[in-house]
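Colleague: Make the full structure from the sequences, and use the hints.
Residue numbering for the sequence shown follows the numbering used here, starting at 401 and increasing by one per position.
Hints listed in this document are in silico derivations from the structure and should not be mistaken for laboratory results.
Certain hints may be false.
Claimed, not checked - Only pairs whose alpha carbons sit at most 27 Å apart, straight line, appear in this in silico DSS-like list of lysine-lysine:
no., residue 1, residue 2
1, Lys-530, Lys-511
2, Lys-676, Lys-688
3, Lys-704, Lys-561
4, Lys-561, Lys-530
5, Lys-676, Lys-704
6, Lys-688, Lys-530
7, Lys-717, Lys-676
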Amino acid sequence: MSLSDLSISRPVLTWMMTLALATFGVLGFMRLGIDRFPDMEFPFVGVTVELEGAAPTAMEDEVVDPLEESFATIEGVRHIHSEATQGAARVVLEFELGHDINVAAQDVRDKLNTTMRRLPHDIEPPSMGKANYSQFPIIFAPISTDLPLTVTTDYVDQHIKPLVESIPGAAGVTLYGKRERNIRIWIDPSALRARGLAVSDVLGALRREHIERPGGFVEGRTVEWALKTDAEFRSVAELENMIVSWQREAPIRLRDVARVEDGSEDVRDATYMNGKRGIALGLSKQSKANTVAIVDEFYRRMSKARERTPDGISISKGEGFIDNSHTIRESFEETIFALVFGGLLAVFVVFVFMRRGRPTMIVAAAIPLSLIATFGLIWVFDFTLNTMTLLGLTLAIGVVIDDAIIVLENIERHREAGQSALEAARSGTREITFAAMAATFSVAAVFIPVAFGSGRMGAFLREFGITVSVA
Numbered sequence: 401m402s403l404s405d406l407s408i409s410r411p412v413l414t415w416m417m418t419l420a421l422a423t424f425g426v427l428g429f430m431r432l433g434i435d436r437f438p439d440m441e442f443p444f445v446g447v448t449v450e451l452e453g454a455a456p457t458a459m460e461d462e463v464v465d466p467l468e469e470s471f472a473t474i475e476g477v478r479h480i481h482s483e484a485t486q487g488a489a490r491v492v493l494e495f496e497l498g499h500d501i502n503v504a505a506q507d508v509r510d511k512l513n514t515t516m517r518r519l520p521h522d523i524e525p526p527s528m529g530k531a532n533y534s535q536f537p538i539i540f541a542p543i544s545t546d547l548p549l550t551v552t553t554d555y556v557d558q559h560i561k562p563l564v565e566s567i568p569g570a571a572g573v574t575l576y577g578k579r580e581r582n583i584r585i586w587i588d589p590s591a592l593r594a595r596g597l598a599v600s601d602v603l604g605a606l607r608r609e610h611i612e613r614p615g616g617f618v619e620g621r622t623v624e625w626a627l628k629t630d631a632e633f634r635s636v637a638e639l640e641n642m643i644v645s646w647q648r649e650a651p652i653r654l655r656d657v658a659r660v661e662d663g664s665e666d667v668r669d670a671t672y673m674n675g676k677r678g679i680a681l682g683l684s685k686q687s688k689a690n691t692v693a694i695v696d697e698f699y700r701r702m703s704k705a706r707e708r709t710p711d712g713i714s715i716s717k718g719e720g721f722i723d724n725s726h727t728i729r730e731s732f733e734e735t736i737f738a739l740v741f742g743g744l745l746a747v748f749v750v751f752v753f754m755r756r757g758r759p760t761m762i763v764a765a766a767i768p769l770s771l772i773a774t775f776g777l778i779w780v781f782d783f784t785l786n787t788m789t790l791l792g793l794t795l796a797i798g799v800v801i802d803d804a805i806i807v808l809e810n811i812e813r814h815r816e817a818g819q820s821a822l823e824a825a826r827s828g829t830r831e832i833t834f835a836a837m838a839a840t841f842s843v844a845a846v847f848i849p850v851a852f853g854s855g856r857m858g859a860f861l862r863e864f865g866i867t868v869s870v871a
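Modeller: Structure follows, in structure tokens:
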């Protein structure tokens with residue numbers, strides 16, 4: 401018994417299968433992310449190393465050269481681009497197309513770990529990342545302030561940043577133009593020489609006095625307490641009273657040989673809003689996450705955060721505010737409009753040529769049922785609703801309508817020959833089953849190779865080819 405005969409003779413089973421596919425599609429649609437383009441990982445891995453105060457030539461000799469020498473032995477490396485600036489160096493590795501970027505990133509991480517002993521000991525922990533669309537901020541929100549930048553930075557870092565980072569699908573939050581509090585100790589060389597001390601004595605005192613260390617555990621019958629040695633300084637006054645050394649049974653305190661300043665870190669970048677200094681917050685998303693849902697949740701949380709924000713700090717959609725979801729929403733709405741309008745126009749064309757309402761309604765019903773089930777498969781393939789997948793669905797409308805018209809036209813021919821509706825449906829469908837299947841699979845055969853194309857364009861069109869084929 402063919403599939404068409406089974407569907408006609410057992411209508412309840414047919415309806416159950418249809419409802420199951422529709423349910424599968426609806427559930428998949430509810431879990432799909434929305435983005436402008438397919439989520440692609442480019443064959444690039446970047447490593448950034450910072451060494452405060454180092455000149456570009458020193459960064460090149462002591463950081464870039466050892467890293468390049470080590471990274472050159474990694475399999476699949478096509479090109480290495482390096483850049484050394486004041487206090488920082490960046491090495492970008494380009495791999496061959498088709499090389500597994502996750503394996504490449506692990507190879508870079510392993511080489512970086514083995515090269516660390518050749519780098520200066522006082523460098524900051526290196527940062528490493530892969531290049532993809534998700535790393536770019538989807539929200540860039542300026543935060544204007546009338547308060548000192550150190551106070552604003554502390555508030556945003558303690559209250560706003562954790563609130564945004566906990567949004568489902570958020571990958572991370574970057575603060576631009578921030579100024580963190582720094583306690584600076586300005587050594588007086590003359591005072592040190594007069595007391596027979598050196599800078600190393602001050603550093604040794606800081607390491608000895610400004611500490612926090614675990615102290616073990618105290619066990620009771622039913623509870624256990626963790627102990628720690630908390631000797632960190634809590635104020636500038638405490639730091640000034642720190643004993644550096646003893647001479648003639650008299651303490652030499654830090655304030656005797658240095659000046660302690662409660663200030664901020666050095667100015668290396670700045671953010672301005674309407675001519676005033678401020679901070680900017682950049683929010684990036686996880687791969688495959690729903691950009692629109694993340695941005696909507698960001699607005700909801702920011703509206704609540706404004707109620708508790710201190711006077712002088714303003715978070716608003718003013719000048720400099722960037723919301724990349726606007727472009728995604730517009731593109732998504734335009735593509736959905738084209739999809740719906742194209743389907744309605746196709747149904748209208750069918751009605752014009754067939755001039756009968758019932759066959760036209762059957763064709764009209766075939767379009768949403770086919771597309772809804774495809775949403776479930778898009779979710780299974782871990783795609784997002786983007787320009788490429790929606791374009792594939794739009795193209796699939798024509799294929800679905802072609803098959804429906806061919807089958808209905810043959811059934812109508814058998815009806816005109818005097819057969820009953822049931823017999824016409826059986827014989828008309830049976831006659832062209834293989835022809836319709838061959839036509840459908842030939843279309844899929846054209847687009848399947850697109851899904852497995854090589855290069856960046858092949859990766860970009862992968863979701864389009866698979867969507868057309870499964871639809």
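Colleague: Holds or violated: Lys-561 with Lys-530, Cα cutoff 27 Å?
Modeller: holds, 23 Å
Colleague: Lys-717 and Lys-676: Cα distance at most 27 Å?
Modeller: OK: Lys-717 and Lys-676 at ~16 Å, within 27 Å.
Colleague: Is the Cα-Cα distance between Lys-688 and Lys-530 27 Å or less?
Modeller: Given that 27 Å is the threshold and the Cα spacing comes to 15 Å, the pair holds.
Colleague: Taking only the CA atoms, is the gap from Lys-704 to Lys-561 under or equal to 27 Å?
Modeller: holds, 14 Å
Colleague: Hey, Lys-676 versus Lys-704, does the alpha-carbon distance stay inside 27 Å?
Modeller: At roughly 25 Å apart (the allowed maximum being 27 Å), Lys-704 and Lys-676 satisfy the hint.
Colleague: Would the pair Lys-676 and Lys-688 pass a check requiring their Cα atoms to be no farther apart than 27 Å?
Modeller: Answer violated: Lys-676 to Lys-688 is near 37 Å, above 27 Å.
Colleague: For the pair supplied as a hint, Lys-530 and Lys-511, is the alpha-carbon distance within the 27 Å limit?
Modeller: holds, 16 Å
Hint compliance for this structure: hint 2 alone is broken.
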